[in-house]
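Q: Chains as they are written, first to last, in my numbering: chain A, 21 to 366; chain B, 21 to 366; chain C, 21 to 366; chain D, 21 to 366.
Everything labelled a hint here was simulated from the structure, so no lab data went into it. Errors might be hidden in some of the hints.
When chains are identical, the list treats them as one kind, so a pair holds in a single copy or across two.
Unchecked claim - List time: in silico DSSO-like cross-link candidates among lysine-lysine, alpha-carbon distance up to 30 Å:
1) K348 to K91
2) K40 to K281
3) K39 to K169
4) K297 to K355
5) K348 to K39
6) K342 to K31
7) K342 to K64
Protein chains: 4
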Amino acid sequence: MIISMKLGATKEQIESVCKKIEDFGYRVHSIVGEERVVIAAVGKGDVTHCLESIGSHDCVESAVRISAPYKFVSRQYKPDRTQISVGKAVIGADEFVVMAGPCSVETEEQIMACAEAVAAAGGKILRGGAYKPRTSPYDFQGLEEEGLKLLRKAGDAYNLAVITEVMTVTNVNIVAEYSDMLQIGARNVQNFPLLKAVGRVDRPVMLKRGLCATIKELLLSAEYIVAHGNPNVVLCERGIRTFEGETRNVLDIQAVPVLNKMTHLPVILDPAHSSGKRDLIPQIARACVAIGADGMMVETHPNPESAWSDGPQSLTFAGFKKMMDDLKPYIDLWKASRQVPVGVRS
Amino acid sequence: MIISMKLGATKEQIESVCKKIEDFGYRVHSIVGEERVVIAAVGKGDVTHCLESIGSHDCVESAVRISAPYKFVSRQYKPDRTQISVGKAVIGADEFVVMAGPCSVETEEQIMACAEAVAAAGGKILRGGAYKPRTSPYDFQGLEEEGLKLLRKAGDAYNLAVITEVMTVTNVNIVAEYSDMLQIGARNVQNFPLLKAVGRVDRPVMLKRGLCATIKELLLSAEYIVAHGNPNVVLCERGIRTFEGETRNVLDIQAVPVLNKMTHLPVILDPAHSSGKRDLIPQIARACVAIGADGMMVETHPNPESAWSDGPQSLTFAGFKKMMDDLKPYIDLWKASRQVPVGVRS
Amino acid sequence: MIISMKLGATKEQIESVCKKIEDFGYRVHSIVGEERVVIAAVGKGDVTHCLESIGSHDCVESAVRISAPYKFVSRQYKPDRTQISVGKAVIGADEFVVMAGPCSVETEEQIMACAEAVAAAGGKILRGGAYKPRTSPYDFQGLEEEGLKLLRKAGDAYNLAVITEVMTVTNVNIVAEYSDMLQIGARNVQNFPLLKAVGRVDRPVMLKRGLCATIKELLLSAEYIVAHGNPNVVLCERGIRTFEGETRNVLDIQAVPVLNKMTHLPVILDPAHSSGKRDLIPQIARACVAIGADGMMVETHPNPESAWSDGPQSLTFAGFKKMMDDLKPYIDLWKASRQVPVGVRS
Amino acid sequence: MIISMKLGATKEQIESVCKKIEDFGYRVHSIVGEERVVIAAVGKGDVTHCLESIGSHDCVESAVRISAPYKFVSRQYKPDRTQISVGKAVIGADEFVVMAGPCSVETEEQIMACAEAVAAAGGKILRGGAYKPRTSPYDFQGLEEEGLKLLRKAGDAYNLAVITEVMTVTNVNIVAEYSDMLQIGARNVQNFPLLKAVGRVDRPVMLKRGLCATIKELLLSAEYIVAHGNPNVVLCERGIRTFEGETRNVLDIQAVPVLNKMTHLPVILDPAHSSGKRDLIPQIARACVAIGADGMMVETHPNPESAWSDGPQSLTFAGFKKMMDDLKPYIDLWKASRQVPVGVRS
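Pulled out of the complex, with its shape left as it was, chain A reads as follows (with noise of 0.2 Å):
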């Protein structure tokens, strides 16, 4: 930790914050500057109550730590990138694995459509929500347990891996029955049962960065995660909230090599939900490709305009055939770049 006194604290103010820096067991180094006196605190203690402790004095300015704030989910923690194996993918390994299917499952007819798609065109993992949240009341929330049973169905029928999103801690143990992998969704990102409840599952969980949420609050929900005993987490960016309106969110594509530097765990993109416009999705998808991001979650649906949700942003499938075609050659390229031993790649 590094405190830093405000100008003219005095010399009683600032032996009293060195004595009780020493009382949560860390050594002091007061250094006495041009203006100000700062102090550097040295060891193991309970971290942010000191932290919260010391900048509560008037005579501190500010109290920030030098450490990070979370530990399993660091790359100093684990150097070696995390594989996550969801039905026959491997996420983080090397294959850039695609999530795709409806925003919401809406009929058995539709869902297998979306599934014989996904499939054909060389996507691994079939998504489809069964629990929808929805800004508005109003909105249709999802067909539930039918939703999860029919999304089974159609991922069995076609050979593809499962994943749904789960809202709620009393719904973890049946989306986890019916589903290979739990999503997270950006809303709930700071939802801390959930997230321990997610912790306690045998199931691999893809956690969605919040709309305002800051890379360092992403990794420690991933922590929460891991914490609690899950270690198979997928981080996923899928925009911010900004001023800009032209897309229904900014996408912060920076954040894949920022967090390959932090973190062992693998990093997806959703360019679906960043852009919020399909025609925008093919050239965005190849920036995620090249970026080296794991994989890409994109939604598509037999016929957009009679979706039930999220149309704007569904990509028929022909288009979703037509991405997956020109991505290929930048997929070879990537494939190519997993070849770079990791020490040497970044």
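Given the coordinates of chain A, assemble chains B, C and D onto it according to the supplied hints.
A: Relative to the frame of chain A, chains B, C and D by itself:
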């Protein structure tokens, strides 16, 4: 709805879109502009679904709703301001209601001391967290049921109503058992299962705006609660996330008059979470009263430097008392402005 | 400066960084933590250059300055609040100074009417744009010198000081010739040649915070003006850009107490530009007074519906008069709080 | 224009608004909805003025324009992509143009070394600042004319075109004398007198998006330049300001396909300023090529640790060479995708 067709949309495309809108039960008015065709849709129907469907057509530039997406919380639906009783306090009426207490309930001695200080200075509702949402899994997570009991005991001892946060559907009943008012925290503003659950409970709810929730989203989240049966919702602006780092968040104080126009629900402010700094709070509190909020929530602790959470933004008892005394003439002006009949007032 | 070395930095790298810092004239304190080494640098030197140089080393995680990057505008440099005379008004002293007038000077009749209304209601400074920054090249760009003359004439006729915006270095002299105070608009907050130019002029300057300028950047821009010779700078918070769309911008009202701690310069607020909506302004204005700003700028127009710019946020003369009357008791409280000696005040 | 009347607007108010719109030369269509009346205005006229006038009526909820506020820069006005020659490079055609060089021109030796390295690795345009916009008045402000001369000399020696920033109207001529392309920096994106001045010069302009400029505002700023006579404008996305602090800014990479739809002007990216971190740039650069930008600007310096500005984001010569080599297969794919006829391409 107003639908803007893309430039160069053909007659067939326009007719097809009009037909589709009519199938949703709306009447259409097609307006041929210099540049493009705009279609106005009038009537009653499933707006969201229609908007998404129409917006999914490649020939459509944008599809925008005109009517408000919420109903029960709107001031059109209920022009008179809602008044909500919590213990002996009435929020939204002729008193400026101050809620205060520690961030977390820590010990019986601590919460008792807080209750005494809050009551003595003129606070009406005692706050104190028993279940704490913490960014890091390694931070103190609250005393849980033991905390609820201590809070209840302290409130009863000093004749204060109590409010505390509920973080998950499985805890709604127990929190409602001990607490006079349920708090939904900023991170749960779009935790829809939780909103539905508190909508089914016979306890007023204070709903905090999320860090990046728009005012419209806040109202839609309130609509979830009201639509599920609970009309007693107080909205709380507590700072939004921006690029500015001198304060923890930016207090969107303009949200008060904006919300007063849009909704009949009471609105309070939380200058402790917005600023994150104890010494700024008294000055901000004056503005909270002057702008006409229905109340305010702040934090106070017997010894902020030893607080288990949020010490830097907690007022000492002396500081809380001084602020409350300082606010008196502002509250007198506030009361005078409330005498103006509502119709004339804004 | 505090320099955090990367995890795993070698002894040689640490020594090399220390050597480099010493070459810049600083003393170094190297602190070996559990995870990493942190280096504190103490002394006087070319901070920015040293920070960038050290931060450029691949073995360095971050390099952060502790001391404030500005000098003359800081409250350490000059603890007493600065008072700035503009005509007969004194900003930063014992009056709450209201600047008002139309967005643009349009005609002699219009600006004369405005001046009369502003003076009658108690405003002290007449505003009116002669050179207008407009987002679109096709919008009205101002009457230029003719506008300056009319503004001056109107101010003189009603005994008001006048303020108007200067947009480019080539106009500084002419604007200074006609105007008592120069306004630097939000879009020019980092137009450094312009800041230098107004720094060389004998006229007080009102510097508006940019839409996404941090408080620190605002102070650095003020430092440009002061460092080039002009100590009379008034800061103006006028709303920042966020994701929220119900108002034109979000008024960062907390910036007032924050700035009062950081700088001795006066601070005013502009609720017209922050809200963009006439009917919200009176309620917000109360908060502007209560939080202790040194003044306020608003827009008023004889007929907002015919204004050549900013009509929706312009008050009618009647509306302006009503607001000023309504503010009187708040201004009385404001004056009382100014009687408290500065040392005790904040 | 679409005008939404407030709920409860009277027949007289609606008629009066319609009359006013007609006075501006538009035809009106009044549509009576379930909740409110909406008025569509069709025709040609002074849109901004009309919008502001109508929006100023208290009975009007909102007044929104449908047509684009810019003309010359729109893709409707000119469907074919604009190609801009700078020296021997052509931006917007069939080469991915890389601009590179130091943040600031420091010495003849330094800029000569940079030019050699840039040319050797395949860069086409040499960048280097002679007038530097610096947040602090105490930071290095550039070599000014001496810097321009050195930059020109280095460009000529290695057969590179040169680009440098112009910060104020009084320097436009001298910068145009030495430089092949003028750069307008992010902080000047709405410096309208400067935009007009470069609009009158016979040199292509690279216009950087401001830190919080919307895409629409960027296009309007480009429209200023084009409307004043200079059709050769290249747009540059260089990161926008958000709440995220791990990188200097967030690269809004989606702006590339969005701009490609809205405008015929070329679009380049600047991953150095968006990330602020040297080690992230090569990975981001791949995405810049893959998404189909027309080029890229980066910084390179013989010894970043001794750079007078922006060292942390400057590539070493070896790093720049390695990145350029690494990009080759991506650029091959880029070229292949450019062979697709424009009409089909997007």
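Q: A separate judgement is required for each hint: does it hold in the structure or not?
A: A quick look at each hint next to the structure:
1. Taking identical chains as interchangeable, the C-alpha atoms of K348 and K91 are never at most 30 Å apart, the minima being 37 Å within one chain and 38 Å between chains.
2. Taking identical chains as interchangeable, the C-alpha atoms of K40 and K281 lie at most 30 Å apart only when they sit on different chains, with a minimum of 26 Å there against 35 Å within one chain.
3. Within a single copy, K39 and K169 get their C-alpha atoms no closer than 61 Å, and across copies no closer than 35 Å, so neither meets the 30 Å cut-off.
4. Within a single copy, K297 and K355 get their C-alpha atoms as close as 28 Å, and across copies as close as 25 Å, so both meet the 30 Å cut-off.
5. For the homomeric pair K348 and K39, neither the shortest alpha-carbon distance inside one copy (62 Å) nor that between copies (39 Å) is at most 30 Å.
6. Taking CA atoms no more than 30 Å apart as the test, K342 paired with K31 passes between copies only; the shortest distance there is 28 Å, against 71 Å inside one copy.
7. Neither within a single protomer nor between protomers do K342 and K64 lie at most 30 Å apart by alpha-carbon distance, with minima of 54 Å and 38 Å respectively.
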